[in-house]
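Please build the complete structure, drawing on both the sequences and the hints.
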Amino acid sequence: MRLLVSAALLFLGLAAVPAMAANSPTLEKVKKNGYLRCGVSEGLPGFGQPDNKGVWTGLDVDFCRAIASAIFNDPMKVRFTPTSAKVRFTALQAGEFDLLSRNTTWTISRDVQLGLEFIGVIYYDGQGFLVPKKLNVTSAKQLNGANVCTNTGTTTELNLADYFRANNLKYKVIAFEKNNEVIAAYDAGRCDAYTTDASGLYAERLKLRVPGDHIILPEIISKEPLGPAVNQGDPQWADLVRWTLFALLNAEELGVNSKNVDQMLKSPNPETRRLLGVEGAFGEPMGLTKDWVVRIVKRVGNYGEIFERNVGQGSPLKIKRGQNALWKNGGLQYAPPVR
Amino acid sequence: MPRANSIPWWRTRRMRDVLFQVALLLGVMLLIAAMVNNAAETLQRQKIASGFAFLDHTAGFDIVQALVAYNEASTYGRVLLVGILNTLLVAFIGIVITTIIGFAIGIGQLSKNWLIARLCRVYVETLRNIPLLLQIFFWYFAVLRALPGPRESWGLFDTVFLNNRGLYLPGPEAQAGFGFVVAAFAAGVMASILLAIRARAVREATGRVMPVDAMAAALIILPPAVASAVAGFPLHFSIPALSGLNFDGGLVVLPEFMALVAALSTYTASYIAEAVRAGIEGVAKGQTEAASALGLTRGQMLRLVVVPQAMRQIIPPLTSQYLNLTKNSSLAVAIAYPDLVSVFAGTSLNQTGQAIEIIAITMAVYLTISLTTSAFMNWYNARIALTER
Numbered sequence: 092m093r094l095l096v097s098a099a100l101l102f103l104g105l106a107a108v109p110a111m112a113a114n115s116p117t118l119e120k121v122k123k124n125g126y127l128r129c130g131v132s133e134g135l136p137g138f139g140q141p142d143n144k145g146v147w148t149g150l151d152v153d154f155c156r157a158i159a160s161a162i163f164n165d166p167m168k169v170r171f172t173p174t175s176a177k178v179r180f181t182a183l184q185a186g187e188f189d190l191l192s193r194n195t196t197w198t199i200s201r202d203v204q205l206g207l208e209f210i211g212v213i214y215y216d217g218q219g220f221l222v223p224k225k226l227n228v229t230s231a232k233q234l235n236g237a238n239v240c241t242n243t244g245t246t247t248e249l250n251l252a253d254y255f256r257a258n259n260l261k262y263k264v265i266a267f268e269k270n271n272e273v274i275a276a277y278d279a280g281r282c283d284a285y286t287t288d289a290s291g292l293y294a295e296r297l298k299l300r301v302p303g304d305h306i307i308l309p310e311i312i313s314k315e316p317l318g319p320a321v322n323q324g325d326p327q328w329a330d331l332v333r334w335t336l337f338a339l340l341n342a343e344e345l346g347v348n349s350k351n352v353d354q355m356l357k358s359p360n361p362e363t364r365r366l367l368g369v370e371g372a373f374g375e376p377m378g379l380t381k382d383w384v385v386r387i388v389k390r391v392g393n394y395g396e397i398f399e400r401n402v403g404q405g406s407p408l409k410i411k412r413g414q415n416a417l418w419k420n421g422g423l424q425y426a427p428p429v430r
Numbered sequence: 306m307p308r309a310n311s312i313p314w315w316r317t318r319r320m321r322d323v324l325f326q327v328a329l330l331l332g333v334m335l336l337i338a339a340m341v342n343n344a345a346e347t348l349q350r351q352k353i354a355s356g357f358a359f360l361d362h363t364a365g366f367d368i369v370q371a372l373v374a375y376n377e378a379s380t381y382g383r384v385l386l387v388g389i390l391n392t393l394l395v396a397f398i399g400i401v402i403t404t405i406i407g408f409a410i411g412i413g414q415l416s417k418n419w420l421i422a423r424l425c426r427v428y429v430e431t432l433r434n435i436p437l438l439l440q441i442f443f444w445y446f447a448v449l450r451a452l453p454g455p456r457e458s459w460g461l462f463d464t465v466f467l468n469n470r471g472l473y474l475p476g477p478e479a480q481a482g483f484g485f486v487v488a489a490f491a492a493g494v495m496a497s498i499l500l501a502i503r504a505r506a507v508r509e510a511t512g513r514v515m516p517v518d519a520m521a522a523a524l525i526i527l528p529p530a531v532a533s534a535v536a537g538f539p540l541h542f543s544i545p546a547l548s549g550l551n552f553d554g555g556l557v558v559l560p561e562f563m564a565l566v567a568a569l570s571t572y573t574a575s576y577i578a579e580a581v582r583a584g585i586e587g588v589a590k591g592q593t594e595a596a597s598a599l600g601l602t603r604g605q606m607l608r609l610v611v612v613p614q615a616m617r618q619i620i621p622p623l624t625s626q627y628l629n630l631t632k633n634s635s636l637a638v639a640i641a642y643p644d645l646v647s648v649f650a651g652t653s654l655n656q657t658g659q660a661i662e663i664i665a666i667t668m669a670v671y672l673t674i675s676l677t678t679s680a681f682m683n684w685y686n687a688r689i690a691l692t693e694r
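For the protein sequence lines, the chains are A and B, in the order given. Using the numbering used here, the first residue of the first sequence is number 92, and each one after it goes up by one. Using the numbering used here, the first residue of the second sequence is number 306, and each one after it goes up by one.
Hint data in this document are derived by calculation from the structure and do not stem from the laboratory. Errors might be hidden in some of the hints.
As the list claims (entries may be wrong) - Which chain B residues face chain A? A few, computed with CB under 7 Å, are given here: (1) R450; (2) G454; (3) N469; (4) R470; (5) V638; (6) G651; (7) G658; (8) I661.
Positions of the beta carbon are idealized from the N, C-alpha and C atoms, including for glycine.
Structure, rendered in C-alpha cells:
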C-alpha cells in the first residue's frame, strides 16, 4: 500500500513540474525533446490544416515553424496537436503543448482568469456572417428570426448574443462542437447564416458544395484579435514567443525576406544589422543564438510572406492585408524595435 | 477457548480484517487528499480562478432550447439547470420510445412468422453493431436533407409546420379559469383509480367483470370537457407563423432533438430487444402449457402468465440500458442539441475556464440521474419479484 501511495505521489508530483528554474523551463524541455509541441486548429484552410501528405500548413502553423527555426534552425521540428475550440485552453493548461497557435481571440477574461498569457496579435479579425445568396439578404440587420450556426466554446456565441440583442433582432443559435459539423449543417440548410471570424468564413466557404452560392455580409460585429497563447508562469518562454512574432514583423518592415536575407547581412542599416544579429546579440538572453532572426526568415519568411502564402494572394482564400498591413501602410501591425 | 488465548488480540482473524480495511481506507483517502492538494496548488501557481462563484455570473450567450425561462442575461447556474432539463427531456422521451420499440422487436424475434422474426433479427444485428455516433450523424443529416426550407414548409391545416428548422406545433397558453379544467381532470383520474380498485374487489369476490376501461375513459374525459365549456374554453393555442426568416410562436421540436431521440431509441432498442427475447425464452415451457390447459387465449397467456414472469429477468438488463441511453445522450454535442455537456461542460467551461468545478458538477449530475433511475427500477423489480407463499 505504501509503495502504491508513494508511486501515486511521485506520479502526481511529476505532473506538476515547478516553474521556478533560472532559464525558461519550457525552452529547456523543448530542447531536450528535440521538437516544439504546438496546439493548432483541427483543419482551417489558410490557418492550420494538414495537406494531402500530412504536412501541416497555414499562418498559425508557420508561426510554430518560425519558433522551431529560431530554436533548432529546422522548421520541421514541430509536433502539431489539433484541438477543438472547446478543449484548447484546458489542453494548454494541462501542458499538452508548449504554445497554442490556433486562431484564438485575445480577451480579458481569457488572459486574466485562465492562467494563460496572450503574447500578441498575429491576425486582426472580426466576426462576420456567411449567408446563401438565395436568401436575398445584404445586411446582417435583415437577419431577424434567423437560425445561426456556430461553434460552441467561442467568443462568437457571446458576440452573436450581443449583436442581436443590441439590434433588437430575434435569432436562434445552433452551436456545434466541431467546425466540420457546423459547415455540414449549414450546407444542408439547417441555418440561415453561419457566423465566425471573417477569416474563418473565407476559409470554411471553400468547403461548401458550391462556394460561389454564398456571400459574406459586410458587417463585422466584433473585434477579434487572434494571437498565440502560452501558459503563465514562464515569462522567458513568453518573451521568446512574443519576440518571434515581432521579428517576423520587423523583418517585413525592414525589407528582409527569405530570398534576400543573406545579402541583408551586409546591409549598412543599423536597425537591420541589430535585427539580424550582425551587431549585438539580442537572441542570446532568450536562450537562442544571435542569428535567430536569420534562421527564422530564411526558413519561414517574414510576416508578409507568411500572410500572402497562406491566406493572401498566393492562396485560394485571397484575403486582402487590410488591418493586417504594417502600420506604415495603414494597417495595425506594429512591432517594438530591436535595440 | 484455549486456542484464542494463544493468539495475541491483534493477530486474530477479525482484527486483521479490520486493520486491512482501515489501512486501505487511509491509503485511498491519502491519495485523494494528495490529488486535491496537487490540483489546488497547480491552479494557484498557474493563477487559474477556482471556486463556485462563477455560477452567479452572467453567461451572456443564448441557448436554442430552454424548458425554463432563459436569456442572455441569465447566470451560469441557470445554464446548468437548462442543460439538466434538456438532458432529462431527451432521456425520458428516449426511454419511453426505446421501450416500445425494444419490446416490439424482442417479441417479434420470437414470432412464428418467418419474415417478421428474420426482420427483427436483422434490426438487432445491424443497429447494435454500428457505432452510435455514426447513427446520430446519419439521422441528423438524413432528417436535414429530407426536409424542405422554412419557406417551402410542409403544412397541415396551417397550424402544424415541418421544415428543416424543426416541427412547429400550436403552443398551449393557459388562460384564466384553466385551473378548474386541471382540477376536473385530476378528479377524473382519482375516481378512475378508485373504480379500478373497487372493480378488482368485486371481481375477486363475485367473479363479475365490470367494464372498467369504458367507465374510466368517461370519467377522465367528461369532467374536464364540462369544466372547460363552463369556464369558456380557457386554453388558447399560439399558432406558429412565418415571421422574418423563420416561423415564430407555438412549440418547436428541433431537428437535433428528433435526430438524437431517433438515434438513441432505435440503437438502445436493439439491446432491449435481446433482453426481452432472453426473458421470454427463460420462462419455463410448462408455464405456457399449463396456461393453455386452463383454456387461456394466446393474448391472456402472454399478458397473465408469460410476461409477468419474463419481466423479472428483463428488468435488470433493462435498467442498465436506460442508464446507457441517458449517458449516451451526452453525444448530443456533436449535433448541436443543447444538453448538459454541450451548454455547461462545453460553452460554460470555455467561457469561465473552470474545468475542474464544471466537470465535477457535470459528473455529479449524471451520477444522480443514474442512481435515481437505478433506485426506481430496483424498487419496481422488488415489487414484481416472485412472492413465495
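Status of the hints after comparison with the structure:
1. With a cut of 7 Å, the hint placing R450 of chain B at the interface with chain A holds, because the nearest CB-to-CB distance is about 6 Å.
2. This hint holds: G454 of chain B has a C-beta 6 Å from the nearest C-beta of chain A, less than the 7 Å allowed.
3. Checking N469 of chain B against chain A by beta carbon gives a least distance of about 5 Å; that is within 7 Å, so the hint holds.
4. Annotation: R470 of chain B was flagged as interfacial toward chain A, and the flag holds, the nearest CB pair being 6 Å apart, inside 7 Å.
5. Because the smallest distance between the Cβ of V638 of chain B and any Cβ of chain A comes to about 5 Å, under 7 Å, the interface hint for this residue holds.
6. Against a cut-off of 7 Å between C-beta atoms, the interface hint on G651 of chain B holds, since the closest Cβ of chain A lies about 5 Å away.
7. Satisfaction of the interface hint for G658 of chain B is found here, the shortest Cβ-Cβ separation to chain A being roughly 4 Å, below the 7 Å cut-off.
8. At its closest, the beta carbon of I661 of chain B sits 10 Å from a beta carbon of chain A; the interface hint therefore is violated under the 7 Å criterion.
Consistency note: the structure conflicts with earlier hint 8 alone.
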